[in-house]
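Trainee: Chains as they are written, first to last, in my numbering: chain A, 158 to 447; chain B, 17 to 399.
Honestly, the hints are just simulated from the structure, not real lab data. Even for Gly, the Cβ is constructed at its ideal location relative to N, Cα and C. Check the hints yourself; a few may be wrong.
[As the list claims (entries may be wrong)] Just so you have them, the derived chain A footprint on chain B, three or more residues with Cβ under 8 Å:
1) 40-52
2) 129-143
3) 187-196
4) 262-269
5) 325-338
6) 342-353
7) 382-389
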Amino acid sequence: MSVLVSKATRVVVQGLGEAGKFHARQCREYGTQVVAAVKPGAGGTAWEGIPIFDTVRAARKATGADCSLVFVPAPFAADAILEASEAGVPFVVTITEGIPTLDMVRVRAALDARGTLHLGPNCPGIISPGEAKIGIMPGYIHQPGPVGVVSRSGTLTYEAVWQLSARGIGQSTCIGIGGDPVQGFNFVDCLERFAKDPKTKGVVLIGEIGGSAEEDAAAWIAAHRPGKPVVSFIAGASAPPGKRMGHAGAIIAGGSGKAEDKKRALQEAGVVVVDSPAEIGAAMAAALGS
Amino acid sequence: MKIHEYQAKALFRRQGMPVPRGLLCRTVEEVGKAHAQLDGAVSVVKAQIHAGGRGKAGGVKIAKSREQAEQHGRALLGQILCTHQTGPEGRRVMKVLVEEGLAIDREFYAAIAVDRKRGAPVLLASSEGGTEIESIPREKMLQETLHPHEGLLPFQARAVAYALGLKGASAGEGAKVLAALARLFLDLDCSLAEINPLVLLEDGKVLALDGKVTFDENALFRHPDLEEMRDPEEEDAAEARAASHQLSYVKLDGSIGCMVNGAGLAMATMDIIRHHGGAPANFLDVGGGASVERVTEAFKIIVEDRNVRAILVNIFGGIVKCDLIAEGILGAVKAVSLEVPLVVRLEGTNVERGRQLLKESGLPIQTAADMTDAAKRAVEAAR
Chain A
158 MSVLVSKATR VVVQGLGEAG KFHARQCREY GTQVVAAVKP GAGGTAWEGI PIFDTVRAAR
218 KATGADCSLV FVPAPFAADA ILEASEAGVP FVVTITEGIP TLDMVRVRAA LDARGTLHLG
278 PNCPGIISPG EAKIGIMPGY IHQPGPVGVV SRSGTLTYEA VWQLSARGIG QSTCIGIGGD
338 PVQGFNFVDC LERFAKDPKT KGVVLIGEIG GSAEEDAAAW IAAHRPGKPV VSFIAGASAP
398 PGKRMGHAGA IIAGGSGKAE DKKRALQEAG VVVVDSPAEI GAAMAAALGS
Chain B
17 MKIHEYQAKA LFRRQGMPVP RGLLCRTVEE VGKAHAQLDG AVSVVKAQIH AGGRGKAGGV
77 KIAKSREQAE QHGRALLGQI LCTHQTGPEG RRVMKVLVEE GLAIDREFYA AIAVDRKRGA
137 PVLLASSEGG TEIESIPREK MLQETLHPHE GLLPFQARAV AYALGLKGAS AGEGAKVLAA
197 LARLFLDLDC SLAEINPLVL LEDGKVLALD GKVTFDENAL FRHPDLEEMR DPEEEDAAEA
257 RAASHQLSYV KLDGSIGCMV NGAGLAMATM DIIRHHGGAP ANFLDVGGGA SVERVTEAFK
317 IIVEDRNVRA ILVNIFGGIV KCDLIAEGIL GAVKAVSLEV PLVVRLEGTN VERGRQLLKE
377 SGLPIQTAAD MTDAAKRAVE AAR
C-alpha cells in the first residue's frame with residue numbers, strides 16, 4: 158500500500174535536459190512507468206524508447222499519463238506546470254528550484270481552481286518503495302515498510318530514511334514537499350493521506366525554520382488524533398533571524414518561523430520531537446516498539 | 017535583494033506615489049547644499065543603510081539650519097551605525113538622504129508580502145504606524161489578499177483607507193497609494209513592499225514618508241534593470257562570492273566551519289554541532305554534486321573566516337557516489353592546503369570505498385562513523 162503513487166502510475170517527464178534525462182532513467186530503472194516525455198520541437202521522436210511529444214496534451218492523449226514530473230528550468234517552469242494541469246494531468250511533481258514566488262502564487266490559484274494536485278516545487282519528489290519513484294531521491298536507500306516520511310528538505314530526508322532502513326524499518330511513502338514559501342502539498346495534506354493509509358503505522362515529519370507549516374501540522378494532529386506516532390525534527394534551531402538558509406522559505410522573519418516555536422507546538426500535540434538529527438531513526442523505532 | 021530607501025522612493029515616485037522632496041548626498045558639503053535647496057526651515061538627514069531601526073539608533077536627524085544639517089552629515093557619513101537589525105558590527109554609512117521637513121498629522125503602516133498559508137500576497141495595514149510596528153501582532157492588522165493577476169482591487173484599497181480612519185479626499189489619496197504599492201509589488205516581483213510610516217499631513221495630503229522594497233532574487237532575470245540598484249557595499253563579500261559559485265553560504269559567529277550537501281542537512285549539521293556544545297561558523301550548502309571545483313571553492317571561503325578552528329564536512333552521497341565525493345574532498349584539501357583539523361562524515365553509496373580513500377590519502381583527515389561522532393570530533397577539535 159502506498160500514498161499517491163503506485164506501480165500503476167504513468168509518468169510524463171517535462172523538461173528533457175541533462176537532469177531530466179538522468180533522473181527519468183533512474184526512475185525507470187527503479188520500476189516507475191515513464192511513458193512519455195515532452196520537449197517542444199522534438200515531438201514525434203523518441204529518447205531511449207520513450208516517445209517524445211510537443212505538448213503535454215498530446216502526451217496525455219497518446220499515453221494516458223496521469224502524473225507529470227517537471228524538470229523545466231525555473232523561468233519556464235510555471236508555464237510547464239500550468240500546461241500539465243490544463244491537459245488534465247491530475248498530479249504534478251515539480252523538482253525545479255528557483256521559480257519566482259509570484260509565479261507559484263499564480264500557479265497555485267490555477268491548480269486549486271482545477272483540482273490538480275501539486276507536489277513542490279524545489280523538492281525531491283515522492284517515492285513509494287517497491288512501487289514507484291517519481292523524483293530525484295536515491296532509490297536504493299529506501300525499503301518497503303510502515304513509516305510515512307514527509308519533509309521540506311532533500312538530503313536531510315535521505316538521512317532520515319537511511320537511519321530508518323539501517324534499523325530495518327521500511328517506508329510506506331516518502332514525500333518531499335520542498336523548501337519554497339509557496340508550494341503545492343503541505344504537511345497537513347500529507348498527514349491526512351498517511352492517516353488514512355492502513356499500511357502506514359507511523360510518520361516522520363521533518364520541518365525547518367520559516368513559515369508556519371509545522372504549527373499547522375501540530376494543530377491538525379491535535380484536532381484529528383490520527384492514532385499513529387509522529388516523530389519530528391525541525392532543522393535550523395541554530396540559525397540566526399533574518400537570514401535565508403539556502404531554501405527560499407527557510408528564514409525567520411519578524412519573530413515568526415522559529416524552530417523552538419515549531420518544536421513546542423508539535424510537542425504539545427503529542428509529537429516526539431528530537432533535538433538531534435541523528436536521533437530520528439531511533440526515536441521512530443522506539444515509537445513503533447520495534 | 018534589498019535596496020536603499022532612496023531607491024525605493026524613486027520606484028514609488030515612478031508609480032505615481034507621493035514622497036517627500038529629497039536629495040541623495042555623499043559628502044557633508046552636499047548635505048548643506050541640499051538643505052538650502054529644499055528651502056524649508058527644516059530638513060531631515062537620513063542614513064542610507066540596508067537595515068531597519070535607523071531612527072532609534074540615531075540614523076535619522078532633524079536639521080533646523082544649514083549648519084545643523086552639515087553637522088548631522090558629519091556625524092553620519094563614513095561612520096558605523098548600529099541598529100537592532102545590523103548586529104553589533106553595524107554598517108558604514110556611505111550616503112544620506114536629505115528630505116524636506118513636513119507637518120505630520122497621523123502615521124500609518126502599510127506593507128505587502130506573500131502570505132505562505134494563503135499562497136498569495138497580502139496587504140497589511142495598521143493605524144499605528146512608525147517605529148513600534150514590530151510589536152503589533154499580525155492578526156491585529158487590517159489584511160487584504162491581492163488577486164494573483166489583478167492585484168489590489170479599487171474597492172479593497174478604499175476599504176483599507178477608510179478602516180485606517182482616512183476621510184474625504186485623503187481617503188481617496190490613501191487608496192491610490194495602496195493600489196500603486198500593490199502594482200509595484202506585482203510588476204517588480206517584490207518579496208516586500210513597505211511604507212512605514214504612511215503619513216497624513218496637516219494639509220490633508222497622504223504621502224510615503226519612508227519606504228522599503230525587497231526583490232525576489234529568483235525573479236531578477238525578468239528585471240535586469242533592477243540589478244544596478246544592488247549595493248555591493250551592503251552585501252557580505254564572502255556570501256556574494258559563494259553565490260557566484262552557486263554555493264549557498266551564510267556567515268555565522270562560531271568556530272566550526274561546515275560544508276554540507278543540501279540546505280536541510282546543512283541546517284541540521286549546524287544544529288547537531290550546537291547540540292554537542294560547539295558553535296557553527298557558517299551555513300554552507302555545496303549542492304548535490306559536490307564536484308572538486310565547488311568543494312575547493314567552499315573550502316577557500318570557509319578558511320578565509322579567521323574564527324574557524326575546525327571544519328566539519330557532512331555529505332550524504334545518494335545519486336553522487338561517496339568515492340567520487342571523497343576524491344573531490346582530497347583534491348580540494350590539496351589545492352587549499354588546510355591548516356585546521358578536518359572531520360569528514362560520508363554516508364550513502366560506496367561509503368566504504370570513500371572512507372578508505374580518505375584514510376589512505378595520508379592527509380590529516382578524521383573520518384567519522386556517523387553524524388553524532390562527526391559533531392563530537394569537530395567540537396573537540398575546535399576547543
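Trainee: Does each hint fit the structure? Answer for all of them.
Mentor: Each hint tested on the structure:
1. 40-52: Answer violated; 0 residues pass the 8 Å Cβ test.
2. 129-143: holds (count 6)
3. 187-196: Since 0 is below three, the answer is violated.
4. 262-269: holds (count 3)
5. 325-338: holds (count 3)
6. 342-353: violated (count 0)
7. 382-389: holds (count 3)
Checked against the numbered hints given earlier, this structure breaks hints 1, 3 and 6; the rest are met.
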